[in-house]
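Put chain B on the given structure of chain A with help from the hints.
Okay, here's what each chain looks like letter by letter:
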Amino acid sequence: MSVSALTIPVKKTFSLLLFFFMSFFVLMSAAQQTLASEVSAEDSLADAWNALSKKNYTKKAKAIEVITQQNPSEARPALKAMLEGQLYYAKRGKALYFLKETDNSYVFTPLFDADSALEPIVQENRRGFRKVKVNNRLRSMIRQFLAVLQLTHEDANIRLSAVQELLKNPDADAAGLMENTVEKETDDRVVAAMRTLLAVIQLENGDEAAQQSAINTLADSLNTSAMNALMAYEAPTKALQNKAESAIQKINDKRDLYNKMETIFFGLSLGSVLALSAIGLAITFGVMGVINMAHGELMMIGAYTTYVIQLLMPDNIAMSILVAIPAAFIVSGLVGIAIERGVIRHLYGRPLETLLATFGVSLVLQQTVRSIFSPLNRSVETPEWMSGAWQINEVLALTWNRLYIIFFCLAVFAALIAVMKKTSLGLQVRAVSQNRTMARAMGVRSKWVDALTFGLGSGIAGLAGVALSLLTNVGPNLGQAYIIDSFMVVVFGGVGNLWGTLIAGMSLGVINKLLEPWAGAVLAKILVLIFIILFIQKRPKGLFPQRGRAAED
Amino acid sequence: MLLMKVLKNDKPGIWLLGILLVISIAVPILNLLVPESSPFHISTYTVTLLGKYLTYALLAVSADLVWGYLGILTLGHAAFFALGGYVMGMYLMRQIGERGVYGDPLLPDFMVFLSWQELPWFWQGFDQFWFAALMIMLVPGILAYVFGYLAFRSRVTGVYLSIITQALTYALMLAFFRNEMGFGGNNGLTDFKDILGFDLRADSTRIALFLASAVALAIGYVLSRIIVSSRLGLASVAIRDAESRSRFIGYRVENIKLWVFVFSAMMAGVAGALYVPQVGIINPGEFSPLNSIELIIWVAIGGRGTLYGAVIGALLVNYSKTYFTAALPEIWLYALGAMFILVTLYLPKGIVGLQLQSLRNLRIVRMVRKIRGAKV
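As given, the protein sequences belong to chains A and B, one line each in that order. Just add 144 to wherever you are in the first sequence, counting from 1, and you've got this note's numbering. Just add 45 to wherever you are in the second sequence, counting from 1, and you've got this note's numbering.
Bear in mind the hints are in silico, worked out from the structure with no lab data behind them. Ideal Cβ placement from N, Cα and C applies to all residues, glycine included. A couple of the hints might just be wrong.
[As the list claims (entries may be wrong)] Interface residues of chain B toward chain A, partial, derived using beta-carbon atoms under 8 Å:
1. Tyr205
2. Phe222
3. Glu375
4. Phe385
Same shape as in the complex, but just chain A (with noise of 0.2 Å):
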């Protein structure tokens, strides 16, 4: 008994002993090795360079480690070219050059500016030049190094780009780096990405405080590799692994919640379109008893008016959807107050015949544009402060167009209510949208007003117009597309009540949206159609209709 107590520490003192003796050899041998290293730095750099140019790609790959390490300022635009295929080697003297294509030249400038011996090179084909070849294995290894590189790029978004990169497929080297960059960076986005980097290395390679606290910071993010990470977790104990599933929970709730408002702000923005299209057409329905066909060809003239505007501005797409919104207004009302006079004015009190013969305009309005713009479909340039999304957080992303049309909708929309509500027009339009007779026997002039409304309303679907041409391109068969999706609007909002037609077209465009995941965009429409047609049985004159004196025929 007394023997075995003794021999064990004594086999203890042993390996421990073997254990220093080891690492001390292991150090001694690596510090020699650095040594060796530091001697050499110079020429093994210049090898490194030489040996991108040869066959073997272990040799290369090293070779960029070595560059990367000792020259990270000329390794960047280097490792970039290799990476795009645009780094050759002379084959006579094996110099490296960076090749930009011209229309029909070849341009190899040296890799290195000080190296006076060497002159940008033009000719018209590639002889005598070699490209830099790399395979799969290197080009993941170049970008994991230059995203390393990137991270003391000056430009933020290009630094946090270069985490997000490393979060793709993170390593132990990696958080060394991470560790002392951390502390000066001054983005909080990339402060935090660089903390989600640093808790997934951790969770593969720290001790189980470590690997605790990284759960928790992990859970915080909603990082698809963070997320990876935690799947792929295998916990020591049975605790952290109960704190890793939550951890999972935890995002996946996050995630779905933020999914849900991105399907919902998908959805408010197809509705803002939707509404924005139907509101003209509310006017003239609800107000006049006109159905007009055309309505959808007021849009594209409106989304023409655009097009055109810009090819008149093209220096200037910024302000050229600020030009157009007026402009389609008027284009787009005069055209409307024009029908209104040729056509309308003498089938008031006649719906159906209205319909007929404003389809009749449509027609010709679509065939005069296809005979000045021809019937290719043209685009209009989105300008700069329009492109873009605004990054909430790592899933909820929303792109400013949409943002701006949605936004675009609510003030055509307030600008409209109070014309209706405040202006003189307003109260004539409902004069006589409630009771024709009487308002003309007070001294409303009742064609002028018509005229007016309905040049209105066109003018709105001028408006409606601008809005498409940024969304899609602006072609004659612009209108077809929305007319039908416009009058399920109105019908489903209730004729003649603007506030329904807002409401209509939003729910309308949230429900199409949560349908299409689940069903497809073609099978979501259909559905929505069926609806609406199943909604009509129900609820014969839409979800507000007019009550009183007025919804009497």
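Relative to chain A, chain B alone:
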């Protein structure tokens, strides 16, 4: 007997039937017996074109029954036409059998292409002509019944009804564009070989189809005339002119509307079924709302509420469409648009109305002369 009674006061109807009889005798003779070198020879292409026009005319009559006599401006009537066409197309597809590109004895080519293993249930039975013929009437009829039952019972009228009929055909178009529906998706059904064992490309089959179209138009016209001159027809005119009043008098407005609507849809289905073998293809484009609206303009140009006016309108518009789209393609939409506008503004009763008006004027002039003559 009934025929005599119905046609007694319908001079234009007698004319129409007479003309149909004449062309059904003349066209086959001129096509088959007169040699090709003769100036009187009618090419098979023309025969098919005429047959197509006749199916359009039948469709127009069915639309006029609903719009002219019932006051429902349907903007989705071409949906029934297309459904009838699809039913016929399914029969013709099943007749191809092993002669398809993939040579599958049971599955049509597009199903093999989509690597479907077996025939969907709704394709069963379409290899029998009697079943297909039944379905040509039933499928549009049932759709019209369900749609009409829902719409008329809840008193959806006027513009609302027009818009939801348009929504109906639009939804059907989107649905038939989907490959998963099992109707050939975007390409529709085509590449037909024969009907009832006769080769579809043979001149004699073309003539037979033309004759069938003429007979169908005649029967459709007479049946419609019987309906509009019956009590049902009178009641539907009453509904058209004053719906609430008819309801208060005690007519079951919903039922009257429903049955006329269903009958009209069946007629449109038959027209579609005759149309498909003649043009050789049916695709979802036939459901497009534009087609339904164009159909309405045929009726409007001819003169609504007369039945024969619809026939005239359909023939006239389609002939000019064939002419314009070949000779001056850019002009066609202008012409069609202008027709819409001018007819609604200046010819609310269509061409027939113009003629009726001038006849009436003539009669008045004669009467005035008579009276004057008597005085002198």
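Subject >> Interface hint compliance - phenylalanine 385 of chain B to chain A, C-beta minimum distance less than 8 Å >> reply: Status holds, d = 2 Å.
**OP:** Closer than 8 Å between Cβ atoms is the bar; does phenylalanine 222 of chain B clear it against chain A? Give me holds or violated.
**Re:** holds, 7 Å
Original post:
Can tyrosine 205 of chain B be said to touch chain A, with a Cβ gap under 8 Å?
Top reply: Where the cut-off is 8 Å and the nearest Cβ of chain A is about 6 Å from tyrosine 205 of chain B, the hint holds.
Original post:
Taking 8 Å as the limit, does the beta-carbon of glutamate 375 of chain B come near enough to a beta-carbon in chain A?
Top reply: Nearest chain A Cβ about 6 Å off; hint holds.
Checked against the numbered hints above, the structure breaks none of them.
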